[in-house]
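Peer 1: These are the residues of each chain, in order.
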Amino acid sequence: MTTHQAPRTTHRLWLFGDDVNTDDILPGKYAPFMVGQDVFQNYAFAHLRPEFAREYRPGDLIVAGRNLGLGSSREYAPEALKKLGVRAIVARSYARIFYRNLVNLGIVPFISEEVVNEAKDGDEVRYDIRSGALQLRGRSYRLEPPPAFLLAALEEGSVLDYFKKHGDFPGVE
Amino acid sequence: MTLAQAILSRKVGRPVRPGELVVARVDHAMTIDSIVPTVIDRLEELGAAPRYPERVSLVYDHVAPAANVNVAEAQRRGREWARRTGVNFYEVGRGVCHQVLIEEGVARPGALIVGSDSHSTSYGGVGAFGSGMGATDIALAIASGKTWLRVPESVKVTFRGRPRPGVSAKDAALEMVGRLGSGGATYMAVEIHLEDGAEKAFGRSERVTLANLAMEAGAKAGIVAPSGEIRDLYEVPDWLRAGEDAVYARELEIDLSALAPRLAAPFYVDNVHALGDYAGAEVDFVFVGTCTNGRIEDLRAAAEVLRGQKVAPGTRMLVVPASSRVLQQALAEGVLETLIEAGATIGTPGCGPCMGRHMGVAASGERVVSTANRNFRGRMGSPEAEVFLASPRTAALTALLGRIPDEEEVAP
Ligand code: SF4
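Protein sequence lines, in the order shown, are assigned to chains A and B. Quick note, the first sequence lines up with residues 0 to 172 if you use numbering that gives the first Met the number 0. Quick note, the second sequence lines up with residues 0 to 411 if you use numbering that gives the first Met the number 0.
Please note that the accuracy of each hint is not assured.
As the list claims (entries may be wrong) - Straight-line distance between alpha carbons at most 30 Å, and here's what the computed BS3-like set of lysine-lysine pairs gives:
#1 A:K81 / A:K163
#2 A:K119 / A:K81
#3 A:K82 / A:K163
#4 A:K164 / A:K28
#5 A:K163 / B:K10
#6 A:K164 / B:K199
As the list claims (entries may be wrong) - These stretches of chain A come out as covered by chain B in the derived footprint (C-beta under 8 Å, 3 or more residues):
#7 31-43
#8 86-96
#9 144-152
#10 158-167
Claimed, not checked - Label-pair ranges, simulated between beta-carbon atoms:
#11 B:A280 / A:D120: 39 to 47 Å
#12 B:E243 / A:T9: 48 to 56 Å
#13 B:R75 / A:G35: 24 to 32 Å
#14 B:G333 / A:G166: 53 to 61 Å
#15 B:N69 / A:H46: 20 to 28 Å
#16 B:Q308 / A:I110: 39 to 47 Å
#17 A:N20 / B:I339: 40 to 48 Å
#18 A:A30 / B:I339: 35 to 43 Å
#19 A:A30 / B:N67: 12 to 20 Å
#20 B:P52 / A:A30: 28 to 36 Å
#21 B:A280 / A:E154: 20 to 28 Å
#22 A:G166 / B:D237: 33 to 41 Å
Calculated from the structure, these hints are not laboratory results. All values reported here derive from a predicted model rather than from experimental measurement. The beta carbon of each residue, even a glycine, is placed where N, CA and C say it ideally should be.
Isolated chain A (complex conformation) (with noise of 0.2 Å):
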């Protein structure tokens, strides 16, 4: 299938709440050794916004509140996201272990209070990872932008993908 769309400058905002948590965003019914590796996404937020899966197009933000990701430490959750086309999302806070996949699988967790009193489901957002721009209701904000660090191991998708391409982690002599 070839489309002849020019690339996205806007996408939707998905808003969730506080303390949405890792069976919310991949329930363990449907883990990837119970439904299929290839198939698990489709599941992702099954209970809580059963149209994500079918409606999130590749560059949407996922906006959340606090404690985002608690729970179990299954790493499948984000994998979910970032199947789905998830390379972002904007939250007040992040349960520690959530984070730390999220960042090894190349998912750039950005924190900001004033984004998330702001934003609305379903606005339309702009945003750039690197600099940590983003434009929303008429409004700019400028996201503390990711460590170098990670920006290293984007550059080769996540965390896993740049040690599998140089051994080693970025930053390292």
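For this one, chain A is given, so just place chain B with the ligand on it according to the hints.
Peer 2: Just chain B with the ligand, lined up with the frame of chain A:
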């Protein structure tokens, strides 16, 4: 610098600041029976072998002995991997991973240890920076001898004075988690200072209990500033201390001499109460063990309560020593005999039913008093079982009485 900064600065090779992402040299990487298959998958994906096999440990504790064929097959794969790669391997029955690494001397003041188990904060009891991570992180640490970290801010918790008789480090730890809250130290290092007698009252075992429970406030590491027994047992490097200039995100003081026995009620570890709030509630099952409270000191405390007495009819009691060495010592001291004579049963050293997979899970409607560190819904079996967390002394008294004791009975 804080203790966390002091340790991470050594491992990075330059002074580090909270908030920075750094790559640090890891002294030891630990994994367990239930996670090792994924770790092996990731290493195969990377095409990597352990960089320093002598700095890697695999411990069989979570579902050990194997409870079914799937677990047995997974354990066989891990054993073969350990044999092939030459990493340190601890068989079924050697004990809970954290206790084993402490007994083997792997955990020592100033070390950086990462483990594929959240309670890797336990190593902070001896002054190490221990942190729990996912399977990919551990695979990367095994492949490279390094890990990436965000240098944490620190919360300072100071315990002052000596606890009253009957009040233990577990009570102190529960009080700490209750005061901090379950997310109160997310991303942060909890740095624990013992002063005005507390440094003598709490030896290594008690310090491990404190560092272990720090995890339940969301901590990335829980580090007890080395003093007292730690200085007798280990060489503590000069650089391992909190500087005058250390900056803390929050400070908390707990007066041990005024502390009463505590209880964490279902279904949250920070749901901390006085015993009086639940005294008299009948209890079906008492479990003494785990990385939190399965050491010889804990078994002694339980035996002291039960000496010459019997577990109440209608209540069952399981004791799981945290390691084979604890088991041997309990045998040599007559602690085991006391417990068995009282009617308790003894399980294979390891995690036991702590995470509800085997060896005595709880049924619906049952009430459990456990010395472990988590009481989430369904943690120990049925989601309709209630788990209360308490000290070994409170747990043993519960077994004796068949009900939750009141404060007077635990700390007269
Ligand atoms: S004893 Fe319990 S808390 Fe400790 S490592 Fe085992 S399962 Fe985890």
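Peer 1: The structure should be examined with respect to each hint, and the outcome stated for every one.
Peer 2: Hint check:
1. Restraint check for A:K81 and A:K163: the C-alpha separation of about 18 Å stays at or below 30 Å, so the hint holds.
2. Our distance criterion of 30 Å between C-alpha atoms is met by A:K119 and A:K81, whose separation comes to about 23 Å.
3. Restraint check for A:K82 and A:K163: satisfied, since their Cα atoms lie roughly 19 Å apart, inside the 30 Å limit.
4. Simply put, A:K164 and A:K28 have alpha-carbon atoms about 33 Å apart, too far for the 30 Å limit, and the pair is violated.
5. About 23 Å separates the Cα atoms of A:K163 and B:K10, which keeps this hinted pair within 30 Å; it holds.
6. Distance check on the hinted pair: A:K164 and B:K199 sit about 51 Å apart at the alpha-carbon level, beyond 30 Å; violated.
7. Look at the region 31-43 of chain A against chain B: 0 of its residues bring a Cβ nearer than 8 Å to a Cβ of that chain, fewer than three, so the hint is violated.
8. With a cut-off of 8 Å between beta carbons, the region 86-96 of chain A has 4 residues touching chain B; three or more are needed, and the interface restraint holds.
9. Three residues within the 8 Å Cβ limit are the bar, and the region 144-152 of chain A against chain B gives 3, so the coverage statement holds.
10. Using a Cβ-Cβ cut-off of 8 Å, 6 residues of the region 158-167 of chain A lie near chain B, which meets the minimum of three, so the contact claim holds.
11. For B:A280 and A:D120, the Cβ-Cβ distance of about 45 Å falls inside the hinted range of 39 to 47 Å, so the restraint holds.
12. Between B:E243 and A:T9, the C-beta spacing of about 52 Å keeps the proposed range 48 to 56 Å intact.
13. About 25 Å separates the C-beta atoms of B:R75 and A:G35, a value consistent with the hinted range of 24 to 32 Å.
14. Here the CB-CB span from B:G333 to A:G166 is close to 55 Å, well matched to the stated 53 to 61 Å.
15. Checked against the hint of 20 to 28 Å, the C-beta distance between B:N69 and A:H46 comes to roughly 27 Å, which is consistent with it.
16. The beta-carbon spacing between B:Q308 and A:I110, approximately 55 Å, falls outside the hinted interval of 39 to 47 Å.
17. Checked against the hint of 40 to 48 Å, the pair A:N20 and B:I339 passes, with Cβ atoms roughly 42 Å apart.
18. Taking the beta carbon of each, A:A30 and B:I339 are about 42 Å apart, inside 35 to 43 Å as hinted.
19. Between A:A30 and B:N67, the C-beta spacing of about 18 Å keeps the proposed range 12 to 20 Å intact.
20. Evaluation of the 28 to 36 Å hint for B:P52 and A:A30 yields a pass: the beta carbon distance comes to about 31 Å.
21. Our hint of 20 to 28 Å for B:A280 and A:E154 is violated, since their Cβ atoms are close to 58 Å apart.
22. Between A:G166 and B:D237 the beta carbon distance is about 35 Å. The supplied range of 33 to 41 Å therefore holds.
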